[in-house]
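Dock chain B against chain A, hints included.
Heads up: the sequence lines are chains A and B, in that order. With the numbering used here, the residue at position 476 of the first sequence is 476, and numbering never jumps. The number in the numbering used here is simply the position in the second sequence, starting from 1, with 556 added.
Because the hints were derived from the structure by calculation, they are not lab data. Remember, predicted model here, so these are calculated numbers, not experimental data. In this text, a Cβ means the ideal position worked out from N, Cα and C, and glycines have one as well. Keep in mind that a hint or two might mislead.
Stated by the list, open to error - Ranges between beta-carbon positions, derived for each pair:
id, chain 1, residue 1, chain 2, residue 2, range
1, B, W635, A, T398, 53 to 59 angstroms
2, B, G720, A, K465, 40 to 46 angstroms
3, B, R562, A, A40, 44 to 50 angstroms
4, B, I725, A, L35, 42 to 48 angstroms
5, B, P609, A, T412, 43 to 49 angstroms
6, A, V497, B, V786, 56 to 62 angstroms
7, A, T398, B, I728, 56 to 62 angstroms
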Amino acid sequence: MTSSSASPPGGDVAGTDAGAGVLRLDRITKVFGSLVANDAVSLDLRPGEIHCLLGENGAGKSTLMNQLYGLLQPDGGEILLDGAPVRFANPRQAIDAGIGMVHQHFMLVDVFSVAENIVLGREPGRGGVLDLRAARQLVREMSERYRLEVDPDARVEDLPIGVQQRVEILKALSNDARFLVFDEPTAVLTPQETDELIEVMRALRDEGRAIVFITHKLREVRAIADRITVIRRGRVVGEAAPSASESELAEMMVGRAVSLKVDKTPAQVAGARLEVEHLTVTSPDGVVVVDDVDLQVAGGEILCVAGVQGNGQSELAEALLGVVPASRGRIRLDGTDLSRATPRRRLRAGMGFVPEDRKYDGFVGSFTVAENLVLNHVDAFADRGLLRLGDIRSHAETLTEQFDVRTQSVETPVASLSGGNQQKVVLARELSRPLSLLIASQPTRGVDVGAIEFLHQRIVEERDKGTAVLIVSTELDEVSALADRIAVMYRGRVVGVVDADTSREVLGLMMAGVPHEEAVRSASVTTVAEEEQKLEAEVAEHVADLQGPGTGERRA
Amino acid sequence: MPELVRRVLRRLPWRDVLVTALAFVLAFLVGAVLMVVSDPEVIGQYAYLFTAPQLPLGASWEKVSSAYAALVAGSVGGWVPLTETTAQAAPLICAGLGVGLAFRAGLFNIGAQGQAVVGAMASAWVGFTWHLPPGLHLLVAVTFGMLAGAVWGGIAGVLKARAGAHEVIVTIMLNYIATGLLAFALTTTAFQRPGRADPISPVVDWNATMPRLEGSRLHLGFVLALAAAVLVWFLMERSVAGFTIKSVGLNPHAARTAGMSVSSSTVLAMLIAGALAGLAGVQAALGPNVSGTPTPLSGGLVGSIGFDAITVALLGRSRPLGTVLAGLLFGALHAGGLAMQSQAQTSAELTTVLQALIVLFVAAPALVTTVVPFLKARRAPLTGTTPTGGLSS
Numbered sequence: 001m002t003s004s005s006a007s008p009p010g011g012d013v014a015g016t017d018a019g020a021g022v023l024r025l026d027r028i029t030k031v032f033g034s035l036v037a038n039d040a041v042s043l044d045l046r047p048g049e050i051h052c053l054l055g056e057n058g059a060g061k062s063t064l065m066n067q068l069y070g071l072l073q074p075d076g077g078e079i080l081l082d083g084a085p086v087r088f089a090n091p092r093q094a095i096d097a098g099i100g101m102v103h104q105h106f107m108l109v110d111v112f113s114v115a116e117n118i119v120l121g122r123e124p125g126r127g128g129v130l131d132l133r134a135a136r137q138l139v140r141e142m143s144e145r146y147r148l149e150v151d152p153d154a155r156v157e158d159l160p161i162g163v164q165q166r167v168e169i170l171k172a173l174s175n176d177a178r179f180l181v182f183d184e185p186t187a188v189l190t191p192q193e194t195d196e197l198i199e200v201m202r203a204l205r206d207e208g209r210a211i212v213f214i215t216h217k218l219r220e221v222r223a224i225a226d227r228i229t230v231i232r233r234g235r236v237v238g239e240a241a242p243s244a245s246e247s248e249l250a251e252m253m254v255g256r257a258v259s260l261k262v263d264k265t266p267a268q269v270a271g272a273r274l275e276v277e278h279l280t281v282t283s284p285d286g287v288v289v290v291d292d293v294d295l296q297v298a299g300g301e302i303l304c305v306a307g308v309q310g311n312g313q314s315e316l317a318e319a320l321l322g323v324v325p326a327s328r329g330r331i332r333l334d335g336t337d338l339s340r341a342t343p344r345r346r347l348r349a350g351m352g353f354v355p356e357d358r359k360y361d362g363f364v365g366s367f368t369v370a371e372n373l374v375l376n377h378v379d380a381f382a383d384r385g386l387l388r389l390g391d392i393r394s395h396a397e398t399l400t401e402q403f404d405v406r407t408q409s410v411e412t413p414v415a416s417l418s419g420g421n422q423q424k425v426v427l428a429r430e431l432s433r434p435l436s437l438l439i440a441s442q443p444t445r446g447v448d449v450g451a452i453e454f455l456h457q458r459i460v461e462e463r464d465k466g467t468a469v470l471i472v473s474t475e476l477d478e479v480s481a482l483a484d485r486i487a488v489m490y491r492g493r494v495v496g497v498v499d500a501d502t503s504r505e506v507l508g509l510m511m512a513g514v515p516h517e518e519a520v521r522s523a524s525v526t527t528v529a530e531e532e533q534k535l536e537a538e539v540a541e542h543v544a545d546l547q548g549p550g551t552g553e554r555r556a
Numbered sequence: 557m558p559e560l561v562r563r564v565l566r567r568l569p570w571r572d573v574l575v576t577a578l579a580f581v582l583a584f585l586v587g588a589v590l591m592v593v594s595d596p597e598v599i600g601q602y603a604y605l606f607t608a609p610q611l612p613l614g615a616s617w618e619k620v621s622s623a624y625a626a627l628v629a630g631s632v633g634g635w636v637p638l639t640e641t642t643a644q645a646a647p648l649i650c651a652g653l654g655v656g657l658a659f660r661a662g663l664f665n666i667g668a669q670g671q672a673v674v675g676a677m678a679s680a681w682v683g684f685t686w687h688l689p690p691g692l693h694l695l696v697a698v699t700f701g702m703l704a705g706a707v708w709g710g711i712a713g714v715l716k717a718r719a720g721a722h723e724v725i726v727t728i729m730l731n732y733i734a735t736g737l738l739a740f741a742l743t744t745t746a747f748q749r750p751g752r753a754d755p756i757s758p759v760v761d762w763n764a765t766m767p768r769l770e771g772s773r774l775h776l777g778f779v780l781a782l783a784a785a786v787l788v789w790f791l792m793e794r795s796v797a798g799f800t801i802k803s804v805g806l807n808p809h810a811a812r813t814a815g816m817s818v819s820s821s822t823v824l825a826m827l828i829a830g831a832l833a834g835l836a837g838v839q840a841a842l843g844p845n846v847s848g849t850p851t852p853l854s855g856g857l858v859g860s861i862g863f864d865a866i867t868v869a870l871l872g873r874s875r876p877l878g879t880v881l882a883g884l885l886f887g888a889l890h891a892g893g894l895a896m897q898s899q900a901q902t903s904a905e906l907t908t909v910l911q912a913l914i915v916l917f918v919a920a921p922a923l924v925t926t927v928v929p930f931l932k933a934r935r936a937p938l939t940g941t942t943p944t945g946g947l948s949s
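The shape of chain A in the complex, shown without the other chains (with noise of 0.2 angstroms):
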C-alpha cells in the first residue's frame, strides 16, 4: 500500500473484516423484451482484487456492468454494498458510491485537454469560473501517484489511443472509484500498450482496489486474474480458476469444444496472383492513408494484414476493390491490369470482398438473405435483365445450409439477423462465387468464438482451393490463427513482411513503427513458440503467486 492512504477510502476499508469493503452483485436480472440478459448473475468485487468477466460479444457482460454503473436498472435482484442494498438511479450516484468505468468507447472530449476532461463534470472553481490551474495540478498529482505518464495540457484528439485510456483511467480514479470497471480495455491496444496497461492494472490492485476486466480474450485473462467468473447468455456458467487452460476457458464460455488453433496444412504456395506496387492513396482532405505499398499475394497462401486501427489498412482494402481510389500505383491481378477498373470490373474478375463493417457496406439490411447473398453478382441470376427469383431463393437455401446460416427463411431481412449470422452471410455470399482473390478485413469482428472457428475453416479451405487470401486485421489472435504470411502496417507504410512465427512482442513493435531488424534485435521472444512458453511461465509464477503466501498478506 502506497500513498493511496491519503484519499481512497477503499484503501482503508480494504483491512478490515471481511464483508466491509465488498461491491456484491446478487442475482441481478435484465430483461430486453423477449431477451433475457442477465439471467440472475451474482458476482463479488473484493478489494485488492482483478476480477475477469468472461464471455463471448453478447453473453451479457457489457449490461451487467451497465447497471452497476447506473446506466440500466436491473429488473430483479439487488446490488449490495458493505452489505447494504444500494439502488443507482445515474452514473452520477455509482460514481459518489466509488464506482469507475474505463468505458470500451472512451467517453472523452475529443477538442478539450487531459485536464479539462479530467475534471468534466465536476469542475473546481468558484462562481462558474473554471480553475485550470487547479485541475492541472490535480491531473499532475495523479499521473505522478499511479505512475501514469500525461500531459495535462495535451489535447485528447492528439493522443495515441493507449493514452487516451490512462486519461480515461485517471478520470475515473480522480473520482475516487474503489472499484473500476474495464470494458474490452485491450480491443484498441498493441501488445506492447496491453502489457502497460496490465500493469496498471496490478499496480490498482496491489493499492487495494477492486478491478473488474471485461474480455473476451483468453490470454490476458490468465495472465493477471485472481479469479475468473464466465458468463454465457446472460448466465453465470461458472468460475475458473487461473491455471485453467485456454482450451478449458473457451469451452465453459461457448459451451462445447472449440479448436482455438485453425486446422490448416503448410500453404501450397502457387505463382503470385495479386501484384501490388506503388499503392497510394490520399484520404479526401489530403491526407496519405497509404503510402507507396507493394505487396504479392500467391495462390494457396494467406497474407495477413496486421496493425493498429487506423493505419491505412482498411483503405488499403478499399483501394483494392476500387470504392476507394488509388492516387498512384498498379495493381495487378493474374497479370491483368486492374488499376483503373471499377468496382464492377474487379468483382468480375474474380475479387471477393469482405468488408470491415458489414452494416455499413456489407449488406442492405431491409434486403433478405436471398437478395444479399446474390447482392454482387445478381446478373448471374438473371435473364435479359430480369430476376430468376427461383434460382436466387435455392441459392440461397443452399448457402444458409452449407454456412449454417441461422435465420427463419431466406425471405427474412439480413438487419434482423445476429452479427455472426449477418457475417456468415457476406462470407458465404463471397465464397459462393470462383474467386482468384478474396480480401476479408476484419472477416471475425463481433462473431463469436463458435463462429469464428466456422469462418476460419472457410476462409483457409478458399486458401487451399488455390485462391489468394489477404486477410486485414487487427486482432493478434487472428493474424496468427490464419495467417502464411503477415504484413504490418503502421501510418499507410508496410513496415515489413514477416513469417507466420513471428512472435506478437516483435508485431507489436513493428505495429509501433519499428522495422523487423530492430524489433527482433530488442524483443526478448522472437517465435511463437518461444513466447508460449514465456507466457506459461508467467502464468505459472501468477498461479503461484496466487496460492502462495503472498497473497494472504495482500488482503489481510
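This is chain B only, laid out in the frame that chain A set:
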C-alpha cells in the same frame, strides 16, 4: 386465384392500413370542426349552447352531414361520380408512381410538377400541331410527353450523379423553369391559338384525344395509370435494374461495394420518374374533360398535380399498389370536393385541408398512435412490421 388473393391479403401491411384509416377519421373530425367554425350562421347558434343546446348542435350536424354527404355522393355515389374519381386519380397515380420510385432510389424528387408541365406541353403541341392518323397520333403525342418528362427528370439525375447537385434544389428550380417556359410558350405562335390575345393554345386534334367511355369520365388515362403501376411493380420486384435502384436507395455504400454504379442508378431512376410524371401531364393535356374534348393548354392546366403526387407517394408508402389506392383516394376527394362546393355551399378548398390533414396524420403515425390509445397498447407486438419507404428511405 383465391389462393393468390389470400397471399396478397396476408402480405398487406395491415398496420399501415389501420393507421391510414385512423388518419382519415381524425382528418374528417378536424374538418368538421373547421366547417362549423368557418360558417358564421352555424357558429352564431352557439350563443344558445347552454340555453338550447339542440340549436347549435343541430345546425352543426346539418352543416357537416350535408357537406360530407355531398363529398361522398360526388366521388363514389354512382357510376358517373366514380368515373370522375378515376379521371381525377389517373394523373395523381402516374406522378405519384414517379415520386415513389425516386423515393425508393433514395432521391427526393420534388420536380414532378415541372416534369408534368413539360409533358403536357410536349404532348399538347404534338396534339394540335401535327395531324396524324387515328391511333398513331395519340401514340406519338403520349410518347413525346413522356420523353419530355424523362428529359426534365433526367437533367436532375445527371446533375446529381455527375456534379453532386442536390436533387431537391435542382428539381425545385426546374419546376420554376418549366412553369415559366409554359407561360412564355403560350405567347409564341407555336403555342398560342391564332386570333387569341390571352395565353391559351388551340384545341388538341380529336385523333390525339384519349378515347373515353361515352357518357362518363372514364378515359384511357386511367387504364394507362394502372398499367404504369403494374410496370413499375414489375420493374422494381422482378428486374435487375429495380434490384439495383432499391439497393442504391437503401444502402448506397453497400451497393457501391457490390459493384453497382450509384450514378447510373440515380440517372435511370430520375429518367423513369420523369417519364411517369410526364405521363401525368399528358393526361391533363390529352384527357377529355366533361364536354368530351381535352382542355386546351393554359398556364393552370396541370394544376398542382406534381405537388399532390408527393403526398400520394407518401401515403402510398412509395409502393405501386399503395400509390394506386392513395391516388384513388385523393381523386375521390377532388371529385367530391367539386360536388361539395356546388351542392353544400362548402368551399372545395376544405378537401385540400382534408388531404393535408390525412397526410399529416399518416406522416406522423406516432401522433395517431398516441391519440388513439388502443393502437398504442398493441404497438409492441407489431413493431416488426414498421413500414419502410416513404420519406424515411
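The hints, checked one at a time:
| no. | hint | result |
| --- | --- | --- |
| 1 | B:W635 x A:T398: 53 to 59 angstroms | holds (54 angstroms) |
| 2 | B:G720 x A:K465: 40 to 46 angstroms | holds (42 angstroms) |
| 3 | B:R562 x A:A40: 44 to 50 angstroms | holds (46 angstroms) |
| 4 | B:I725 x A:L35: 42 to 48 angstroms | holds (45 angstroms) |
| 5 | B:P609 x A:T412: 43 to 49 angstroms | violated (57 angstroms) |
| 6 | A:V497 x B:V786: 56 to 62 angstroms | holds (58 angstroms) |
| 7 | A:T398 x B:I728: 56 to 62 angstroms | violated (49 angstroms) |
Hint check: violations occur at hints 5, 7; the rest are consistent with the structure.
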